[in-house]
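Once you have looked at the hints, place chain E with the ligands on chain L.
Protein chains: 2
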Amino acid sequence: MNATATDSNAITGRVFNFSAGPAAMPAPVLKQLQEELLCLPGAGASLMELSHRGQVFTDILHDAEGTIRALYGISDDYAVLFLQGGAALQFSMIPANLIRGNGKTAQYLVTGSWAKKALGEAKKEGNVEVIYDAKDSNYDHVPSPSDYKVREDAAYLYHCSNETIQGVQFGEEPACPAGVPLVCDASSDLLSRPLEINKYGILYACAQKNAGPAGVTVVIIRRDLLDHAPADLAGYMTYKNHADNDSMWNTPPTFAVWALGKVARWLADDIGGLEAMQKINEQKAKRLYDVIDSHREFYLGHAKAEYRSKMNVTFNLPSDELLGKFVKEAAANELASLKGHRSIGGIRASIYNAMPREGVEALASFMTDFASKNG
Amino acid sequence: MNATATDSNAITGRVFNFSAGPAAMPAPVLKQLQEELLCLPGAGASLMELSHRGQVFTDILHDAEGTIRALYGISDDYAVLFLQGGAALQFSMIPANLIRGNGKTAQYLVTGSWAKKALGEAKKEGNVEVIYDAKDSNYDHVPSPSDYKVREDAAYLYHCSNETIQGVQFGEEPACPAGVPLVCDASSDLLSRPLEINKYGILYACAQKNAGPAGVTVVIIRRDLLDHAPADLAGYMTYKNHADNDSMWNTPPTFAVWALGKVARWLADDIGGLEAMQKINEQKAKRLYDVIDSHREFYLGHAKAEYRSKMNVTFNLPSDELLGKFVKEAAANELASLKGHRSIGGIRASIYNAMPREGVEALASFMTDFASKNG
Ligand SMILES: Cc1ncc(COP(=O)(O)O)c(C=O)c1O
Ligand SMILES: Cc1ncc(COP(=O)(O)O)c(C=O)c1O
Ligand SMILES: [Mg+2]
Ligand SMILES: [Mg+2]
Ligand SMILES: [Mg+2]
Ligand SMILES: [Mg+2]
Chain L
8 MNATATDSNA ITGRVFNFSA GPAAMPAPVL KQLQEELLCL PGAGASLMEL
58 SHRGQVFTDI LHDAEGTIRA LYGISDDYAV LFLQGGAALQ FSMIPANLIR
108 GNGKTAQYLV TGSWAKKALG EAKKEGNVEV IYDAKDSNYD HVPSPSDYKV
158 REDAAYLYHC SNETIQGVQF GEEPACPAGV PLVCDASSDL LSRPLEINKY
208 GILYACAQKN AGPAGVTVVI IRRDLLDHAP ADLAGYMTYK NHADNDSMWN
258 TPPTFAVWAL GKVARWLADD IGGLEAMQKI NEQKAKRLYD VIDSHREFYL
308 GHAKAEYRSK MNVTFNLPSD ELLGKFVKEA AANELASLKG HRSIGGIRAS
358 IYNAMPREGV EALASFMTDF ASKNG
Chain E
8 MNATATDSNA ITGRVFNFSA GPAAMPAPVL KQLQEELLCL PGAGASLMEL
58 SHRGQVFTDI LHDAEGTIRA LYGISDDYAV LFLQGGAALQ FSMIPANLIR
108 GNGKTAQYLV TGSWAKKALG EAKKEGNVEV IYDAKDSNYD HVPSPSDYKV
158 REDAAYLYHC SNETIQGVQF GEEPACPAGV PLVCDASSDL LSRPLEINKY
208 GILYACAQKN AGPAGVTVVI IRRDLLDHAP ADLAGYMTYK NHADNDSMWN
258 TPPTFAVWAL GKVARWLADD IGGLEAMQKI NEQKAKRLYD VIDSHREFYL
308 GHAKAEYRSK MNVTFNLPSD ELLGKFVKEA AANELASLKG HRSIGGIRAS
358 IYNAMPREGV EALASFMTDF ASKNG
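Chains L and E supply the protein sequences, listed in that same order. Residue numbers for the first sequence follow our numbering, beginning at 8 and rising by one. Residue numbers for the second sequence follow our numbering, beginning at 8 and rising by one.
Just chain L, same shape as in the assembly:
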């Protein structure tokens, strides 16, 4: 048992978990979930056993929504929805609501695996144009505003703010004409930094990276976009149904919403909000990129420096043999789940909100040590 892991998490048996998602959750949140799992104080039952229409759960859902609204400063022009189906269902829901059957064109910026998957689903629903694709440079950057041109009449401009697999991240929103809704897959950097939600038409994220367990997806949608769905769209896929029923058009994933709400409260109360979180995230990322940059022959970073993700640090080693050795020795040091995604290989250290500084410090020390022994 790693001493820092013990200190930081104060839970025996836990290691530092760099999984890309489902990913580490804040230890204080896990402890609260555990304490209240058998019987929610005053409710006479576990939260899992309570009707979603009862006061106890509706309060929990509204509290989760309110906390997210407060963290980002989301105005009432937006609905905040808690849906099922993961980010993948959003790949389809967005074009089904906004371009199916209406002849409009959606434009996509393809910066990595996730934007590409979203594009594939959008093509099934209507007219789609790719206005930037970074594939020739193996998805190591995001475009500058001068690299693409958005139509004034586009149904929306789509991008993925953080490509979880390649480890590239938009530093700020893509340039988007007023009048064109900006759509963002923020699955792997939700709640990691302040954003001006007013710049977005839709911002969505599955929870299982930065915001809780798998099984709930947060969709922040400008209310005027609720009215574009075709009448024959599947009820579950119609945003308006969920917005009109406070995310209770059907049974929401109650446990996952409960956990998500607790993570949001931890961010607000224990961390102190999104600016504080951003500062910590930048420090954590810098610590690892500094190690990479001071061992340039040994650690081969994937992303170009200015587009590096603060969430997923991706790099390779000089040989497959050293890569395997790195993963194995790291695991022996209780640094877990560092293997990169099978599609690009190498190492991926996911350091979302819940990864404590101690975990990053332990990894940085291990990397420095490993390089000096094997470099």
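Check the hints yourself; a few may be wrong.
Identical copies carry no separate label here, and so any pair may be met within one copy or between two of them.
Claimed, not checked - Using 16 Å as the maximum straight-line C-alpha spacing, the simulated EDC-like pairs for lysine to aspartate or glutamate come out as follows:
| hint | residue 1 | residue 2 |
| --- | --- | --- |
| 1 | 124 | 239 |
| 2 | 380 | 328 |
| 3 | 380 | 304 |
| 4 | 311 | 297 |
These are calculated hints, taken from the structure and not from any lab test.
For chain E with the ligands alone, kept in the frame of chain L given last:
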């Protein structure tokens, strides 16, 4: 604190919870979830924090699948899927996969609120015919085979085995020509009794009544039905994607699958399988219906006797005043969530698998007592 509630659940603060869903879960399952919540033994992290692609979670998913297969005796001709979106997404996925764009007709038996909702979604996807609707008798029964005729070339015959709101249940499968896939919404009686799965094309259920927490839906689908989906159907809605990827086409709701697997194991190991469960469920239901039948002027059962649900016992009282008094005094006796669905009013006692006999006994005694005092 009710003495029987304490004995049965052995968890302080818990009451008998007759919620229709999300509903009571087996206390031993909740205890296991609690024990392992912070750190799954040997995994170094909470189950919620582990990658769905890692060995630990894939073993859990396969174990949940295997236990359900063993309980029902499901052959390899069927895929068993764990999906998100609730039963409501199935209302759309079934017709989208089986009738969209192919000119075939699906036929529906409408026996209550849930079959009716499913019908509404199916109409958006293709040709649909209602071949029986029990609305004229206020959904107090299910049809006999002589009451309807299924086309030999129907795309499928749809029914809801247990209407959760009205409390009517099919005792056996509807008559269905060989060659027509029988489709069943078993959301509120999944795993409550043995079934011959070979009679079905698709049997599905959201978990939050008989099988676990909200957030996962079990779909048992005959493999030949996987090949009918239109090519442009949304990826998430295409059964074949989930079947080909062992329910990991995208991130499954890992916590909910874990809990569902534990409920299935409790059924297999603690209860002794579906025949044993059925016997207990029949005894529990009989206990309550006997009280209703011995106070015919006072308790007004909704369903006709031979179609009564073993899961949701629905009845009314002679006046709204007595109804309110019943709910209030029951709650004071730690018998919770007995109010019927707003659409039909009255009382609904949901006594799924996880409701212990002691809870039913406590309710039966309360009912007898309440009738003698107020009748
Ligand atoms: C950026 C991004 N988008 C989408 C997804 C897909 O999410 P889900 O598996 O919940 O559909 C992921 C990760 O899995 C992701 O990292
Ligand atoms: C028989 C039946 N079908 C469908 C549903 C809808 O399930 P969900 O809310 O998960 O969509 C329910 C209950 O909510 C139900 O009882
Ligand atoms: Mg997680
Ligand atoms: Mg609201
Ligand atoms: Mg439940
Ligand atoms: Mg399988």
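Hints versus structure:
Proximity of residue 124 and residue 239 under a CA criterion of 16 Å is satisfied inter-copy only: 14 Å between copies versus 25 Å inside one chain copy. Taking CA atoms no more than 16 Å apart as the test, residue 380 paired with residue 328 passes inside one copy only; the shortest distance there is 14 Å, against 81 Å between copies. Proximity of residue 380 to residue 304 under the C-alpha cut-off of 16 Å is restricted to the intra-copy arrangement: shortest distance 14 Å within a copy versus 87 Å between copies. Taking the shortest Cα distances, residue 311 and residue 297 sit within 16 Å of each other inside one copy (14 Å), while across copies they are farther apart (74 Å).
When each numbered hint is compared with the structure, no violation occurs for any of them.
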